Amino acid sequence: MSSRALLTEKIAFFCLLLCTLIIVIPVILITAVIVKNGIAGLSWEFLTQSPRLGMRAGGIFPAIVGTVYLVLGTMLFALPVGILAAVYLTEYAKDNWLTRVIDIAIVNLAGVPSVVYGLFGLGLFVVFLKFGASIIAGSLTLAIMSLPVIITASREALNTVPQSFREVSLALGATRWQTIRHVVLPNSISGIVTGTILALSRAAGETAPILFTVAAFYLPRLPQSLFDQCMALPYHLYVLSTQVPNIKPHIQYGTALVLVLMIMIMNIVAIVIRSHFRKKKLW
Amino acid sequence: MSERTIIRINHFNLFYDQFHALKDICLEIPEKQVTAMIGPSGCGKSTLLRSINRMNDLIDTVRITGQILVDDQPIYDKGLNLVSFRKKVGMVFQRPNPFPLSVYENVAFGPRLHMKLTKKELHGRVQQSLEDVDLWSDLKDSLDISALDLSGEQQQRLCIARLLAVSPEVLLMDEPCSALDPNATQRVEELIRDLKNDYTIVIVTHNMAQAARVSDQTAYFYLGEVVEIGPTEKIFTTPSKKETEDYITGRFG
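Chains P and H are the protein sequences, given in the same order.
Going by the working numbering, the first residue of the first sequence is number 5, and it counts up by one from there.
Going by the working numbering, the first residue of the second sequence is number 6, and it counts up by one from there.
Source of the hints: derived by calculation from the structure; they are not laboratory data.
Remember, it's a predicted structure, so these values are computed and weren't measured experimentally.
All residues carry an ideal CB built from backbone N, CA and C; glycine is no exception.
Treat the hints with care, since some could be wrong.
To be verified - Heads up, simulated EDC-like pairs for lysine to aspartate or glutamate below, C-alpha to C-alpha not over 16 Å straight-line:
id, chain 1, residue 1, chain 2, residue 2
1, H, 37, H, 154
2, P, 98, H, 65
3, H, 246, H, 233
4, P, 98, H, 22
5, H, 93, P, 171
6, P, 283, H, 221
As the list claims (entries may be wrong) - One side of the interface only, derived from the structure: several residues of chain P facing chain H at Cβ under 7 Å:
id, residue
7, 99
8, 172
9, 178
10, 182
Using the sequences and the hints, build the whole thing.
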């Protein structure tokens, strides 16, 4: 290799490495800043008590509970619809205009800004269906936002199941549904679960979709039914950061830290599930 | 040897979109014999095999004309019960494709779908199927290991056992030995010769020597047509068409 080529190689390598590092730097910085400023705010009281003194003291318990409820509600609505739609699209749908329209719809749904979902949820669930600002309205809004990701991830997982498995099952006299139920789903469930958890963890951190549909500015008691409003971590964080003067930063950063930790735990669960199934090496 | 015709293919045509893949195929396949389909790649032999148990239904762009009859039942009629039909006509694929389940669960898969069996009956059926493919003595103590940990030959035998467990009449084999080494191939060929006592076998193969070794009847395909069909011995010694001779002597293909 000529020395010139060698030099080019080195420069190229350096540029590639630099760009890769640029991705890592913000992640480290964000984490470091939040942990450094927030760790002082973390305490048992912070996690288990309601906010007091105009949110300048006390804890964030109602917001944690609210976010958990919203994630569960989102899962309840989005999971069955998303998985069944993905099964239909991969296993049953023929390549015709209807399927193509659905494909385009899914891609576009994924591209809609989250604040538009919020307004849509306000119009449809809160006002038109008269749910009011409530957990059910917020969950449904987040569910619609999560659907394209869940559907896409599930379709990818279903597509990794070798076609020969389906053929064998059919050749053994199984119906299409039996094939899906006993062959396709068991062999793709890890990918589906992983994709779903990642979609839900994104939903957990969203502010705009819950802004008009469920989130309460300040609600020190816990929600009693699906039709109650609730507090939620992302919106609470927004409130603490913009609406509450003279607040101690460790409360803001503590809230951010809790939110990040919750999402991180969900992502770790997804990664563990995936690596667990990968170790079992299905085929 | 029975000479009853079990599969009758009448003027069967198949198109992938505009491509005419099978042209006016007429074939009769006798019961409890081995029929080999040979020919160069892309000649349509696998497509025809997959048409005999309607596996091509999975492809949207396929169009067919003509008819295939199995046990005098037209299989492309609308009223056909596809499930019980596919049970009757089983298929072994090119690459061994056991499910990522235990040996036992692989064989039990079909019976579980179709039959209400007690645990004991199911076990008996699994044992019988594994005995029929000479796997039982090797695997009877390791029925719960993953089928994916078996050797290629064992996997292919397991796939055949999985099929036998639903009591088919016809076994369609799509190059069943192409992923196996020569010794394993020889043993699977022995198995095929044993199986023809109870089953009708149609085998697609690239390996002409294999066709000569295992089959009673051979059909030579070229460009979607049956060039010649006849007793294997005759096809390989005194073929009546020059194209067949060119292919089997290696001048072509």
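key: Hints breached by this structure   = 1, 6
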